[in-house]
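Participant: Each protein sequence line maps, in turn, to chains A and B.
Take the first sequence: its letters are residues 16 to 129, numbered as in this note's numbering.
Take the second sequence: its letters are residues 13 to 129, numbered as in this note's numbering.
Treat each hint with caution, since some may be false.
As the list claims (entries may be wrong) - Every beta carbon over 10 Å from chain B, so not counted as near; a handful from chain A, in silico:
| hint | residue |
| --- | --- |
| 1 | Met26 |
| 2 | Val28 |
| 3 | Thr35 |
| 4 | Ser57 |
| 5 | Met60 |
| 6 | Tyr79 |
| 7 | Ser80 |
| 8 | Gln84 |
| 9 | Gln115 |
| 10 | Lys116 |
| 11 | Gln121 |
| 12 | Gly122 |
| 13 | Thr126 |
To be verified - Here are a few chain A residues that face chain B, going by a calculated C-beta distance under 10 Å:
| hint | residue |
| --- | --- |
| 14 | Glu59 |
| 15 | Tyr65 |
| 16 | Gly77 |
| 17 | Val93 |
| 18 | Ala96 |
Claimed, not checked - One-sided excerpt, in silico: chain B residues whose CB lies under 8 Å from chain A:
| hint | residue |
| --- | --- |
| 19 | Val31 |
| 20 | Leu51 |
| 21 | Phe57 |
| 22 | Glu65 |
| 23 | Arg67 |
| 24 | Phe81 |
| 25 | Phe120 |
Keep in mind the hints are simulated off the structure, nothing from the lab.
In this text the structure is predicted, and so the values were computed from the model without any measurement.
Just so it is clear, CB atoms sit at the ideal spot from N, CA and C, and this is done for glycine as well.
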Amino acid sequence: AQKITQTQPGMFVQEKEAVTLDCTYDTSDPSYGLFWYKQPSSGEMIFLIYQGSYDQQNATEGRYSLNFQKARKSANLVISASQLGDSAMYFCAMRAQGAQKLVFGQGTRLTINP
Amino acid sequence: DSGVTQTPKHLITATGQRVTLRCSPRSGDLSVYWYQQSLDQGLQFLIQYYNGEERAKGNILERFSAQQFPDLHSELNLSSLELGDSALYFCASSDGGGGGDLNTEAFFGQGTRLTVV
């Protein structure tokens with residue numbers, strides 16, 4: 016079984032600062048994918064970034080990067096130069112090889128202060 | 013805009029009733045996934061359909077059922093509703109999901125917020 020743990024229920028960051036959202040995972044599958052989603056107050060789930068377990072380099076998408084440490088089973092999301100619009104819930108998720116579903120963590124509520 | 017359309021956006025109904033949630037996947041996507049988001053359970057996978065066939069099942073109650081039609085849209089039917097069924101129900105779609113796809117992004121709709129009173 017797969018499990019995702021997000022230990023930060025909430026985080027408060029000043030605008031323009033970088034922020035790291037923690038995510039650790041547990042799986043016995045050697046092949047898996049890790050995802051981050053953003054859920055603003057309007058409710059929709061927005062895909063941010065993906066990292067495959069065999070990818071050699073950390074994934075980056077604009078201001079988002081994923082700090083993937085396979086040995087530690089962590090997949091932290093780094094947001095550089097935070098903006099007010101980054102205030103939202105952030106979910107880490109994983110999909111194991113052969114499994115169709117995404118398993119989500121409990122989420123971190125990020126608040127960006129002006 | 014993810015390209016996944018869910019209707020209705022909001023639904024208020026009484027206990028014991030039955031409702032149908034509808035999802036239109038992104039053009040070309042064969043897989044449809046249903047998730048339930050509640051305060052106590054978080055985001056839980058319910059069921060997946062791939063090209064009209066059920067492919068995977070999660071913690072879906074027997075009172076709930078789903079199907080995917082030939083035009084690939086999907087419906088989630090919730091019956092004998094209870095107060096605890098109040099939640100945000102998401103549909104997601106992807107172009108993979110036939111098996112072994114890891115990096116197939118799942119694009120989510122805006123959700124249907126169900127309130128059972």
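Participant: Please go over all the hints and tell whether each is borne out by the structure.
Facilitator: Hints, verified against the model:
1. Met26: holds, 18 Å
2. Val28: holds, 23 Å
3. Thr35: Correct as stated: the minimum Cβ-Cβ distance to chain B is 21 Å, above 10 Å.
4. Ser57: Given a closest Cβ separation of 8 Å, the condition is violated.
5. Met60: Per Cβ check, methionine 60(A) is inside 10 Å of chain B; nearest 4 Å; violated.
6. Tyr79: holds, 14 Å
7. Ser80: holds, 17 Å
8. Gln84: holds, 19 Å
9. Gln115: violated, 4 Å
10. Lys116: Nearest chain B Cβ is 4 Å from lysine 116(A), so the label is violated.
11. Gln121: violated, 5 Å
12. Gly122: violated, 7 Å
13. Thr126: holds, 19 Å
14. Glu59: holds, 4 Å
15. Tyr65: holds, 6 Å
16. Gly77: Hint on glycine 77(A): violated, closest Cβ of chain B at ~15 Å, above 10 Å.
17. Val93: Nearest chain B Cβ about 20 Å off; hint violated.
18. Ala96: Where the cut-off is 10 Å and the nearest Cβ of chain B is about 24 Å from alanine 96(A), the hint is violated.
19. Val31: Since chain A brings no Cβ nearer than about 18 Å to valine 31(B), farther than 8 Å, the hint is violated.
20. Leu51: violated, 11 Å
21. Phe57: Holds - the Cβ of phenylalanine 57(B) comes within 8 Å of chain A, reaching about 4 Å at its closest.
22. Glu65: Violated, because the Cβ-Cβ distance from glutamate 65(B) to chain A comes to roughly 12 Å (cut-off 8 Å).
23. Arg67: Status holds, d = 6 Å.
24. Phe81: violated, 19 Å
25. Phe120: holds, 4 Å
Hint compliance for this structure: hints 4, 5, 9, 10, 11, 12, 16, 17, 18, 19, 20, 22 and 24 are broken, all remaining hints hold.
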